[in-house]
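A.B. asks: Sequence lines, in order, name chains A and B.
If you read the first sequence in my numbering, its first letter stands for residue 24, the second for the next number, and so on.
If you read the second sequence in my numbering, its first letter stands for residue 158, the second for the next number, and so on.
Hint data in this document are derived by calculation from the structure and do not stem from the laboratory.
Restraint ranges, calculated between C-beta atoms of paired labels, are given here:
id, chain 1, residue 1, chain 2, residue 2, range
1, B, Pro254, A, Glu113, 16 to 24 Å
2, A, Ala114, B, Ala179, 36 to 44 Å
3, A, Thr120, B, Leu293, 13 to 21 Å
4, B, Arg246, A, Arg127, 33 to 41 Å
5, A, Pro93, B, Gly189, 19 to 27 Å
6, B, Gly278, A, Pro93, 47 to 55 Å
7, A, Ala96, B, Pro254, 15 to 23 Å
8, A, Pro131, B, Leu180, 41 to 49 Å
9, A, Pro131, B, Asn274, 49 to 57 Å
10, A, Glu113, B, Pro244, 23 to 31 Å
11, B, Ser185, A, Pro93, 31 to 39 Å
A quick note: this is a predicted structure, and the numbers were derived from the prediction, not measured.
The C-beta atom is built at its ideal place from N, Cα and C for all residues, glycine as well.
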Amino acid sequence: MEMFLMVLCMSMLGLALTAIAFSSATRGLDDREPAPKQPIVELPAMPAAQFFTDRATLPMAARTHLPPVPVEALLLQLEQHIRLEHAAAEAFLEFPTAQSLHSRTTSPLVH
Amino acid sequence: MPNAQPELVRGLTPAEAERVLALGTPMSLKAGGVLFRLGDPAEQVYLITRGRVALTLPMQVAGREEDVLVEERAAGETIGWSALIPPHRFTLKAAVPLDTEVVAFSRAALIEYFGTNPEVGYTVTRNVATVMGQRLQVFQTMWLREMQRMVEHRSA
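With the hints as constraints, model all of the structure from the sequences given.
C.D. replies: Set out below in structure tokens:
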């Protein structure tokens, strides 16, 4: 019986010491200032993927990934563009207004 | 020629125009021929009497130098006025896309004739100035239109 009481007392004492040690170890955790929040970095929105992209508006690196336009086709487009621009300039000179100066053409190089 | 009076002699009497036109030398060019090249000494003014002349400038296209059409001139129109304006160098290339005929007027012959016929010289010079002025105005307008597009593109 004495033996049992001694073991019980020792167990209670151990439990108490453990509780004290635990409480001292965790004390103050709630009192500490919360860690400063990391500033939120606004990432630039990624542009939506485009199937039809104006080659001229793309950066040079991106342009190289597009299938090349045959030189002959490009020359024809250039010629058509110059003819249309020439006609637009002549139309402006006939009746000069700010609107006719910047009138649109059907040139494939500006659409 | 489609017009009654070619551009170069517009405003002259028929007799005066005939005398000026007689100063020129007719030339025939086959399709694909070149009348003058960029940088060549400009000694002659040309009046197109038949066909068509393409005025081109060199451009780098896909790593290759290509002649890009700048203007096209037809019968009755004048080209090569660099012959009358210092430093007398052609600033374009003139090629013919189809069989073409022109009349070539040498600078020396024109200046000599204008010296003895100043009124004719004045009229012809004014005609040449009109061609130059039109070219300047058209290209000034084209340049401004391109600049406007560049500004729109940059501010988009």
